[in-house]
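Enquirer: Listed below are the residues making up each chain.
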Amino acid sequence: MTLPHRLAFGRYNLLLEAVALLLTSIILFLAVWFTLTKLNQKYLDLRLAEASRVHLFLKQHLNDSQAALASFIKLPDAERTPKVIALFSTFSEIYRIDQDLRIAQIYKAGSQIRTFVGFSFATSKLSRYLAANGERGNFSEIMRGYEDDLPSIYLNIAAGDHLYLGRLNLDYVQNFLTQFSGYSGTPVLLVAQDGFVMLASDPTLRILALDLKHWTQPPSPYRTLTAGGRHWIPVISAPGVLGARIVTLIPTEVLDTQRNALLFFLVTFIGVSLLVRVFKNMHLNRLFTRPIATFAAKMRDLEHGNAIGDSVNINYRFKELADIDVHFRAMAAAIAQREQSLRESEQKYRVLTENIKDVVWTLDVATMRFLYVSPAVEALRGFTADEIMAAPVDAALMPEMGEQLKALVRQRAAALLVGKMPAEHFYCDEIEQPRKDGTTVWTEVVTSYWHNELADRVELHGVTRDISERKRAEAALIVAKQQAEAANCAKSMFLANMSHEIRTPLNAILGFAQVLARDNSLNAIQNKSLNTILRSGEHLLSLINDILDMAKIEAGRVHLRNAPFDLSGLLAEIEGLFWQRTREHNLTLSVETAGLPPQVLGDALRLRQVLINLVGNAVKFTLVGIVKLRVEAVAEGFAFAISDTGVGIDTSELAQIFEPFTQTTSGQKMLGGTGLGLALSHQLVRLMGGQLIAESIPNVGSCFSFTLPLTAIAAPRQPAPATLHPVIGLQPQQPRCRVLIVDDFADNREPLRALLESLNPQPPVLEFREASNGQEAIALWEVWQPQVIFMDMRMPVLSGEEATRHIKMCMAAQPETVRSVIVALTASALEDDRQHILSCGCDEFARKPFRAEELFGILERLTSLQFIRAETLPSAPILLATEEVIARFEKCAVTWRDALQQAVEVGDFDQIQERLKSLADSDPVLYDTLAHWADRYDLDVLMGLWAADAVTDQS
Amino acid sequence: MKKSLLLLALLMIGGGFTWWQLRPAPPIQVGMIAWIASGAVIGSSEIHESDLFLEEHPHSRIRVIPVDDEWQPEQTAAIVQAALAQGIRFFISTHPSNCAVKSVHLFADSQAVLINTSSTTPVLTGRDDGILRIVPDVIQEQRAIADYVNALPGKRLLVLQDTGNLAYSAPGFAAFAAKLSTVNHWQLEHHAMLMSAFNPAQERQLMAQPFDALYILGGSFQSDIGNIAQLFHYFHPDAPIVLTPWARSPAILETSGDAIDHIILVSTYPPREVNTEIDHYFNRFAARFGYKPHAMTIEVRQALELLDQAFALGYDTPQAVKRYLLSTPTHHTSLGIISFDRFGDVTRPYYFIRDLRNELK
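Protein sequences appear in the order of chains A and B. 1 is the number of the first residue of the first sequence in the working numbering; add one for each residue after it. 1 is the number of the first residue of the second sequence in the working numbering; add one for each residue after it.
Quick caveat, the hints were computed from the structure, so don't treat them as lab data.
Mimicking DSSO-like on lysine-lysine, the simulated pairs with C-alpha atoms at most 30 Å apart in a straight line are:
(1) A:K420 with A:K406
(2) A:K125 with B:K361
(3) B:K3 with A:K406
(4) B:K361 with A:K213
(5) A:K108 with A:K125
(6) A:K59 with A:K125
(7) A:K213 with A:K42
(8) A:K298 with A:K280
(9) A:K528 with A:K917
With the rest of the complex left out, here is chain A:
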């Protein structure tokens, strides 16, 4: 860094002293000048006042002259003898003037005058005076006389018909001016109005005229005129009685003497002061500045690493300098010690940076030049460190990224300078850098910015690491991830399609089963078989739904509904669902709640699904004891805990229980379930913002808990919906209702038609037509005008969606047509489809396999059809308590029990049902209980029949 040119202290101090002296001199000069000006002005004012005394004299002289002329006029002609006239010495000429302003008589005259009797003043300046002032007797202005061109003052006095005119003898005035001038020491001039000098105390000055307008300003020493080889300050009085002015000429020598004396004093003062200061500075330089210069030399020695010498021979005059010397030497020793430490530290640092594989470097942000690059750069990029440092930073970057990265660097540096980013902040970037051989290398650059205040620059310190391998691995990972996502998507699509394909035939199965279930002509055996079909169908549907749910979760297509619901009501429903079952298992189901609000905001359907699964599992794996569902409000929302006193889960298995299709050992023993329940619950809880946690002690019990961030709503608790009795038919005598069933599969149309036909009274209320695609449906709608259309969505030729849109458009365009209610029926299980289908114009939406009561409810709600409902709810079978079942079961034949056990152990429900049929007549109550368990595929409970034997055997 180039240091600016600096002055030596001694010179600088001298300069300061000189400036101070200069300022002092200026102030002194101004003071002197001000004083001098005031004094001069006062002096000039005094001289001006003196000039007014001349006016007083003139006035007196003129008064005397006026009296003299008046006396002359009063003299009789006889007394105006030459001797008497000569006595009137005040006048040089005395005339009598006629009315034409001609000289009528000359009483007194000089010897060389040019006037004569008959001389006329008519055209002269005097004529105005004569015409105006005759009566008053005032004097004319001073002017050149018409007699001899000499300065003259005329006095005119009227007497009778005559005018007497006298020209004053100005010798007396001239003498006065001369004497006055001699007394005052200054020349005096009498100047006429036109500026011509009429009388002068010193005619040798030859000042004959003054430009009075030029001298209108007050007298000043700086405005002078030159006459007689000298400079004069004209002090001009106001016009006097004659209109003339007295001009006093003040020689400038007087003022010049004063000014020169003061200037001499000033110059002497400045000179002496300057000498004193120079002497003082020389002394100060010897005693103070030179020792400091010596210190500076020692500091240079210290800077260059030279010995600083001894101070024994130096005799410091001042204690402070001696102290500085002592402390300086101590400081030098300390610096030497620190330098040694610094060298060692630098050596370590250098060894470290030059031997690691990563490249360590420093960059000056302002110049974008490398300050340091460790040798490892050659291995990384092929360039030597010197080559890198010699080139601009652009050479280290890909051409297309150079400006972008430099802008980023400057931006970060600016952030550091303004304090937006702390100095200890590290940036990590991945940059592709060119190599010397033309290839590129991917690097990870970890940087930090540092404001080097000493150098006044921002430095960028960084470590560059080769991450080519990692980038390759990342690329492979990305490809694998994309492949996995594609596979997952394909799987989801497959599952969705499979769901649709499975639901379609299941629709026929369950549909017809529901039709048959409404047939009162079936005997008990047929009813049992039909129930088996229904249960199997429902179970299959449940499995499909679970699988589909998992697929949807994995595909990220599960959308939670966020709506208010009654949490207490939901818990009561769960309790109701499991009340019978726990009673059958001789278990106690306890539902405990604390601090539940009337309503909460969340997805009730998914929460219900989770709770049913978890409580179902608890009931399934608990043989004795209690199943407890506890829900309480906590700070984070609502904590749910389902605990049991069941068989428990081994600690080693706890980690896998939430994996899909994974079952615990105990679960496998129970031979029930698909292994999807817990995985699905785990994912649903996660989606709802919680985490399902499993805790278990084998043979003691398990506890599944989670906390959901449900928002409490202070709405009044909604009453539980009234339980609708089952539909048993349509009211007869209703208006006829045309029903169009549209589906490309006859197997789907027929069960629906059969279900609705089963409700038809006589005469029938419902009429049916069928269509196998949307085009047919439109054609039928146009000609038949059905009130209700059950529309399948996925059909050949024309989809249900297009057909619905067309029909609704026709309805809008033709107000006279029937207002058809279109109920979409679809095998799609995706929730997204519901909104899509409703948006295309469908009035309601139902999934396949359809539920009879759901369809009846839709028709009752959207049409004018009136249904007949049963008087009471269908009665539940009388089920025995577990102890009673075991007691009765043990009375059965052993062979029969063994056969049943075999069927139970392999999970063959057909065999189980077959075996149980033999009990239908002998012990119908036991049959109902066991059949109920079998209908529910509750192998756990069934296995409990022989668990009691095992317990008994063990005991």
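Place chain B on chain A using the hints.
Expert: Chain B only, in chain A's frame:
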């Protein structure tokens, strides 16, 4: 730092060059040869006219230097020589002919230029030297006056010749008399006198003789001319009195009394009532300085304007100024045009002014 110094140096050079180009031209000294210390309008009028000119032309390069020869012929040459020694190369003179002839040799080589406003002596006529004269010579003047007098009625003409300026009045009277004789209806009574020493008692007898007209051949400015006119008028109340252009001065006319109504003033400029420029000029002068100047200030103003025009055009050497003044056919000034012949002489018409009260207004 180096860039800043370079920029500063360039700025200083540029500023210096600009100043050099735009700096005001140096002033040029012009010597005003006059009776500066006369104590009357003579001398004062020329100096005050110079002041008025510079006040009205503040950018003029002219700096007037008074050169006082006191209209004393024996001083003129030395005074002008001293001025030349001081480096003055341009002059304007108002002295009479007897002074002019004493200094004519100083301008023979045209190393200095003198614009003469008053000396009508024929000695200066037709000389290729540094003297340029903006009044016609006395021969033209006297012939014009003689022609006018010949037209007047009467038999006896009194001619008073001033002996104070014989360089003017001698050739003037000769030319007048010669021209007058061409008609020969006047009986000429010639009387030479020193007009500055006019004594009414001495001239009374002459004036009392029967004359039909008076011609005062005054060779210089002097208020005595008014007194002489009055004395003649006293004895001959109806006789015309002819005055030379020298008499066109308020000081003279004021002294003439009632004779003013019978005076015919010969002038190279028309009366004030006709020439508004001159009337305005006299009014400006009186307003500024408080008195009425003599008529020669007209020529002084014209001379100053001629020099100022030459200087403004960049002619600042005597040769260049003379070449410019003589080569330009007609010069326009605020008080009239001037056309020099190749010798620097001019020819002008003459006006015979009778209403002199108007000239005194």
